[in-house]
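Undergrad: With the hints as constraints, model all of the structure from the sequences given.
Chains as they are written, first to last, in my numbering: chain U, 441 to 727; chain L, 441 to 727; chain P, 441 to 727; chain W, 441 to 727; chain H, 441 to 727; chain A, 441 to 727.
Just so you know, the hints here were simulated from the structure itself, not pulled from any lab data. Keep in mind that this is a model prediction, so the values were computed, not measured. Note that the Cβ used here is the ideal one computed from N, Cα and C, for glycine as well. Each hint should be verified, as a subset may be incorrect.
To be verified - From chain P, some residues computed to sit far from chain L (all C-beta separations above 10 Å):
{"hint": "1", "residue": "R549"}
{"hint": "2", "residue": "G565"}
{"hint": "3", "residue": "L634"}
{"hint": "4", "residue": "N645"}
{"hint": "5", "residue": "D655"}
{"hint": "6", "residue": "P679"}
{"hint": "7", "residue": "E698"}
Unchecked claim - The calculated label-pair distances, taken between Cβ atoms and stated as ranges, are:
{"hint": "8", "chain 1": "L", "residue 1": "P669", "chain 2": "P", "residue 2": "R453", "range": "19 to 29 Å"}
{"hint": "9", "chain 1": "A", "residue 1": "P694", "chain 2": "H", "residue 2": "P648", "range": "29 to 39 Å"}
{"hint": "10", "chain 1": "U", "residue 1": "E651", "chain 2": "L", "residue 2": "P669", "range": "49 to 59 Å"}
{"hint": "11", "chain 1": "H", "residue 1": "H677", "chain 2": "A", "residue 2": "G667", "range": "30 to 40 Å"}
{"hint": "12", "chain 1": "A", "residue 1": "G667", "chain 2": "P", "residue 2": "G636", "range": "38 to 48 Å"}
{"hint": "13", "chain 1": "L", "residue 1": "E686", "chain 2": "W", "residue 2": "L716", "range": "25 to 35 Å"}
{"hint": "14", "chain 1": "H", "residue 1": "E686", "chain 2": "A", "residue 2": "K610", "range": "17 to 27 Å"}
{"hint": "15", "chain 1": "U", "residue 1": "P669", "chain 2": "A", "residue 2": "P648", "range": "22 to 32 Å"}
{"hint": "16", "chain 1": "P", "residue 1": "R654", "chain 2": "A", "residue 2": "P706", "range": "39 to 49 Å"}
{"hint": "17", "chain 1": "P", "residue 1": "R690", "chain 2": "A", "residue 2": "A702", "range": "30 to 40 Å"}
{"hint": "18", "chain 1": "L", "residue 1": "P694", "chain 2": "U", "residue 2": "R654", "range": "52 to 62 Å"}
{"hint": "19", "chain 1": "L", "residue 1": "L716", "chain 2": "P", "residue 2": "E651", "range": "47 to 57 Å"}
{"hint": "20", "chain 1": "P", "residue 1": "R690", "chain 2": "U", "residue 2": "K610", "range": "57 to 67 Å"}
{"hint": "21", "chain 1": "A", "residue 1": "D655", "chain 2": "H", "residue 2": "H677", "range": "40 to 50 Å"}
Claimed, not checked - The calculated PhoX-like cross-link candidates involving lysine-lysine, where the alpha carbons are at most 25 Å apart (straight line), are:
{"hint": "22", "chain 1": "W", "residue 1": "K494", "chain 2": "W", "residue 2": "K610"}
{"hint": "23", "chain 1": "A", "residue 1": "K610", "chain 2": "A", "residue 2": "K447"}
{"hint": "24", "chain 1": "P", "residue 1": "K610", "chain 2": "U", "residue 2": "K447"}
{"hint": "25", "chain 1": "W", "residue 1": "K494", "chain 2": "H", "residue 2": "K610"}
{"hint": "26", "chain 1": "A", "residue 1": "K494", "chain 2": "L", "residue 2": "K447"}
{"hint": "27", "chain 1": "W", "residue 1": "K447", "chain 2": "H", "residue 2": "K610"}
{"hint": "28", "chain 1": "H", "residue 1": "K447", "chain 2": "H", "residue 2": "K610"}
{"hint": "29", "chain 1": "P", "residue 1": "K447", "chain 2": "U", "residue 2": "K447"}
{"hint": "30", "chain 1": "U", "residue 1": "K610", "chain 2": "U", "residue 2": "K494"}
{"hint": "31", "chain 1": "A", "residue 1": "K447", "chain 2": "L", "residue 2": "K447"}
{"hint": "32", "chain 1": "L", "residue 1": "K494", "chain 2": "A", "residue 2": "K610"}
{"hint": "33", "chain 1": "W", "residue 1": "K447", "chain 2": "H", "residue 2": "K447"}
{"hint": "34", "chain 1": "U", "residue 1": "K494", "chain 2": "P", "residue 2": "K447"}
{"hint": "35", "chain 1": "L", "residue 1": "K447", "chain 2": "L", "residue 2": "K610"}
{"hint": "36", "chain 1": "P", "residue 1": "K494", "chain 2": "P", "residue 2": "K610"}
Protein chains: 6
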Amino acid sequence: MFYYDGKLQYPVRVQTPDPRFARMLQQAIGGVEGEMRVCLQYLFQAFGARGPAKYRNMLLATGTEEIAHIEMLATAVALNLEGAPDHMKDAAAKANPVVEAVMGGMDPRQYLSAGMAALASDANGVPFDGSHIYASGNIAADMYANVTAEATGRALACRLFELTDDPGMKDMLRFLIARDTMHQQQWLAVIEELGGHQGTLPIPNSFPVEEELRDVSYVFFAPGIEGVPAPEGRFTHGPSLDGLGEYELRPAQPFGQEPQLAPPMPMAYAETQQMLDDPQQGGRQKG
Amino acid sequence: MFYYDGKLQYPVRVQTPDPRFARMLQQAIGGVEGEMRVCLQYLFQAFGARGPAKYRNMLLATGTEEIAHIEMLATAVALNLEGAPDHMKDAAAKANPVVEAVMGGMDPRQYLSAGMAALASDANGVPFDGSHIYASGNIAADMYANVTAEATGRALACRLFELTDDPGMKDMLRFLIARDTMHQQQWLAVIEELGGHQGTLPIPNSFPVEEELRDVSYVFFAPGIEGVPAPEGRFTHGPSLDGLGEYELRPAQPFGQEPQLAPPMPMAYAETQQMLDDPQQGGRQKG
Amino acid sequence: MFYYDGKLQYPVRVQTPDPRFARMLQQAIGGVEGEMRVCLQYLFQAFGARGPAKYRNMLLATGTEEIAHIEMLATAVALNLEGAPDHMKDAAAKANPVVEAVMGGMDPRQYLSAGMAALASDANGVPFDGSHIYASGNIAADMYANVTAEATGRALACRLFELTDDPGMKDMLRFLIARDTMHQQQWLAVIEELGGHQGTLPIPNSFPVEEELRDVSYVFFAPGIEGVPAPEGRFTHGPSLDGLGEYELRPAQPFGQEPQLAPPMPMAYAETQQMLDDPQQGGRQKG
Amino acid sequence: MFYYDGKLQYPVRVQTPDPRFARMLQQAIGGVEGEMRVCLQYLFQAFGARGPAKYRNMLLATGTEEIAHIEMLATAVALNLEGAPDHMKDAAAKANPVVEAVMGGMDPRQYLSAGMAALASDANGVPFDGSHIYASGNIAADMYANVTAEATGRALACRLFELTDDPGMKDMLRFLIARDTMHQQQWLAVIEELGGHQGTLPIPNSFPVEEELRDVSYVFFAPGIEGVPAPEGRFTHGPSLDGLGEYELRPAQPFGQEPQLAPPMPMAYAETQQMLDDPQQGGRQKG
Amino acid sequence: MFYYDGKLQYPVRVQTPDPRFARMLQQAIGGVEGEMRVCLQYLFQAFGARGPAKYRNMLLATGTEEIAHIEMLATAVALNLEGAPDHMKDAAAKANPVVEAVMGGMDPRQYLSAGMAALASDANGVPFDGSHIYASGNIAADMYANVTAEATGRALACRLFELTDDPGMKDMLRFLIARDTMHQQQWLAVIEELGGHQGTLPIPNSFPVEEELRDVSYVFFAPGIEGVPAPEGRFTHGPSLDGLGEYELRPAQPFGQEPQLAPPMPMAYAETQQMLDDPQQGGRQKG
Amino acid sequence: MFYYDGKLQYPVRVQTPDPRFARMLQQAIGGVEGEMRVCLQYLFQAFGARGPAKYRNMLLATGTEEIAHIEMLATAVALNLEGAPDHMKDAAAKANPVVEAVMGGMDPRQYLSAGMAALASDANGVPFDGSHIYASGNIAADMYANVTAEATGRALACRLFELTDDPGMKDMLRFLIARDTMHQQQWLAVIEELGGHQGTLPIPNSFPVEEELRDVSYVFFAPGIEGVPAPEGRFTHGPSLDGLGEYELRPAQPFGQEPQLAPPMPMAYAETQQMLDDPQQGGRQKG
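TA: Put into structure tokens, the structure is as follows:
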């Protein structure tokens, strides 16, 4: 169960409202790298957590923190949409600077649909998409999903940092970037705690490895045509990271033959010619 | 540029067609953990690769291999939809076993929309969604995205392995599971090559860390209400994985106050009461 | 900012796990009538609230309660997926009852993608769709959106109540149905508080009504062809609910003429015949 | 069955084409508050109408009217895309004003995909999404869904009214705003006809109220942490709107305990550590 | 503008309700081959029609007919959901046959969300997706889009015909299949009227063909690796269908070289190693 | 199985980077008319091909070519995002031209999410949607789907050609436009090879035509109300294109009556008034 206090986790101040920056911030709310996604991802992982109770607790804690990040960013959007932005006044001969803002770069739905507030969508107005909420039931897979979310999330926050000169916005982003740093560390720390690469790989480590086709488990297949150099690196030679094999490089070649599918079943209603030896012969035979 | 030979990378055989398993296989084609996603993710990462050329080459190679995996799985779906499945004959008093299959657990669109073949969608018929194709422009973030895809992908393949007794299908899955093993190793090997945690964290490592709010960069915030124990572990004490700080545990408390938004602008067309001191007073003042 | 205690708002018990019911419960989690939608809808309305502070506070309170409802339902899904369901054992000659469950009516992705836990999607596996999070910036519009959500949500909960005999599930639903009752009352009470129909209609009430085409503001247009009886009722005669007019019934007739669009611009690359007087004359003129 | 006459319900004139306004109008066509949604919502409610025949008739009538609104708006978009907009000529040194329009604020797909015509999508180019077509089978829930659609739709039309100075566009919007006024009244009139709050609440009113947990049916739960004031209003004291209870205010507290899920089933392929007492012990035990 | 009469275009009768067939029918309502798509596609093509007025008229006429097809199918769904289906009584020991239907193959949302009526979604519950409404502004492209819709639509109707033995349903489908026959003919007749292949190809025929790279306009590129036979047929030799060239077969070979992208811009926040000559060197240089 | 050589099929050069054109190019990558769609459409048609082997081979060949087109366009996007675009320098007083580009017309996610590279989405940032991958199992339907894709695709490429003056971009588009010409010819050539209209119509031609309601198979229904002229043309008189009938024109009239649905089932939880003779009587009877 959850509680609130109505306060912001970190101050959100906007010195010079900028409707175009309000659009950019949407990516950090409803985008695939955004806070709605991480918040719900951690909460769903918690709700379905099986195994050691401490991970459920940790996921609940961080998922709960992330709700406050959505709150901060939504507040930042609303504040950026207030007043007549200075940098738009010059370009606009027209009387109404908000019209110009709507017309010139802000997300029009922040006005049309929300009356000057944040939406649950990304910087292009694409609605938040719940399919990005990963909760696989495998803790190692989930931790890597979380690292990915925080790595792309921190890259996003750094890029947003470049797009604003507003001291309030920069201050807020410094906080969020730091939290993304911590959360990257946090999920990777769980991997360490579980034994690192050797303790967790291959994921899932509960599938008996002798059931897989071990002959190709550490082989880099190079499907370049003749003359194309194969890439080489840590992934083509030396011991594998799970300590169970040796990397190897092989040109890609088919183990299988051309697939042979049965002719169409009558009830599938292909064209008659697909059921004939000689497709140049015409249709309507069934009738 | 790309080429083909029309052969399967690994043999695909189905001894006993099973339309319900054909539905399950869709998850490995068009699902978020599926082969369309990894294929296109690696190719888009390659197409946009900036920096060392060898990573473009590697991504192209593995992206190209994955096209063949889509081909194998689509072939497996088509073969599972052929003929009258034995295990459905008993239950069906009706003459037409394909009708029963369509009615009893297969994806109906494999028949209705594809005439007994694979679709570009997941096990619930949800179409493949291109927003899952992550290519962030940051190689470390991308590598973790790829590990995630291969970890959830391998978990999926292992689970599919449980759902079939068909020797041909099990053989195909043994191959795919092994390839997922390799691909997990491969992306993590790039992280190693780039210097491991200390060489890559925090992601992006090109943002000057002194710009972030270092005070909270390694702090685990515990937002449990009074009486709720904070989670503890590798992520609450000891040196951080990037070697730049020390983990720390703190109860979560607001740094900020309640947000104060301006009243609605007239052109936002809120209700009149939202613009009043006393909202119990009624509307239509503007008219 | 938000807090948690790790406990359930109301007990969730499952006496007889039923994977098929676990699928049905997904509708109440990620469906358009579900808890993710109401939770996020109330929170976004709070985050963007302009005007009287008490409504922000109320929206935060109820939005926070709804997070706990997602938690309850996700827990209910996980519990329904545990063990070997009794009512499936009979039908299944096969050794593995979980295979049968996956094959016979449960959401396959609860197994394939989540390892036996809840997903952020509806009863058909369609992912949660953020476009349903309504926060219009107009409090009356938002209150009706919330009533709608709670009315369809309560209908859903009542229907789920019919689909289970499990005493634990019925008990949980009794609680949720009661909360939906309260929440319907709550949002309608705000309408009352704002002055009821006369205080709030037409929504938005801040648009000067003399600007609209008053001639048709209370007219029911009946577009039935000759001989089709027009519907009659409270909406075709008597005073309008906002107290500003009289309902009226009129046959629908066009005020306008056939639209006349300009011919295609050359750069639009229509077919040449679309730019000619006589379209029977052929193409390629431009070349 | 349906008929047409090829004329517009109300005249659509554009004095000064404005490609950017053409983009804004898309929200009223394919947006969640738009005409495609209300049109199809009323028609689907009619097609599935059970109970008194007059409501089917009414829904058919208004659904049919709404098709004409889509027609008007699509015509308005096409007309706004014609010619070289004056207000763009100044800013554009370039020879081709349409290029500038495409590049400077219009929806690029109106040109790229439609050759200067309307799309079935919203102001951000997000395609019309059929999940917003609510038809719940419960007439009171549906009426509130319809009120919501017309309330957000009228707010949208009022906001569009602010964004244009074109007399033709303003005239068209005056008509549409008036129709939204009527349609709000119309759906609420049905609620009145059914007995108002006491006749319709709680929705659905056919579920026996004694089956719900009456103890919490009129309670406002306040989940603020210590020190946070609870919101108060019509929804915290006095008789409930359905006449069946009394509102009440209580601090939120858990009725339940921490959820206990079973450990992962082997076939779910969690990490091995999730199945152990001591997760610090490593993986691969099964193999 | 549009009108209605409340009658069905063709009788819809269901002798034996079948909830599973009700699910299948959804594909013909909200699926990509369904009636919502063709209806809206023809109407949007009409609303944006530029050029000869008769095609606007024709598109309006057929678009209007298609609304009635949605009505027929939605009615068919509702009728198939009524009563206790006979073929389910046997299998069900349980008292409640509707529960069994919901649990055993019908679309659960037809009950949960619609109270036993049709939804605006496909046979897998995926909502109708407006991006399938093609209206390109080029009449030849649109006619082929329409032929495609009617060809896949007729295939769908034929497949549905196989899935039912109900005489009422078969009768309705006979009508719809015949209409699809006509509509295929109709759109192709427009192509004939415009001059057939030579009058319409290449589409758009208003682009000056000398601007394209004529060297490859009629070449079939065969990208098979060495040893893979090239496909041959009408498309590899003989005059092209537009009468402007000769088909030709060539092995695929690159005209271009390896792409060279610039290194990441600093503000893109790639990993530092992506900006170095030697990526084995580690990160954090900027700080 | 597939191979690559790392080279571009045709040179991609950008003389003057233009971030706004980079946005436009996205439509040709991830839009409904774009290369991802045709690529995957042809490959899925190949993977599911039943009947003459040569068509599988042809589809594989052209599907493989299209992967290279995605590569070319993604490269073009990346190159257009490099450097400081000249035409933006004037308008921007600000120091940072990339900021201006992000703010002034480019797709913000090309920067925010991809760090200056292509996305798998369209010109409005809507993600690639796999439901557009048509593979119906009927070769004639599929060929028309392919013609449609190449006709709308060529129209798109021609329109992009208008939006750029860059000689490198124009050169690349000349190549792509020519390939679209060929591919239109190619799919129509298959129709010719199968016997043209008489050999392929109605699609599917394997359904016995006597099963359809032949009375309406060649009738154009005109649903105009009284006074509206029916459209006439090749589709209203003369022999049908399949040689099996005569076109005919008839006013549209209902064959059916008003639909009669049963009252709501109790378990559907409609409002009580929907189950009564006199709906003015109120609710809660069940309780």
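Undergrad: Of the numbered hints stated previously, which ones are contradicted by the structure, given in increasing order?
TA: Failing hints, ascending: 1, 2, 3, 4, 9, 10, 11, 15, 19, 22, 24, 25, 27, 30, 32 and 36.
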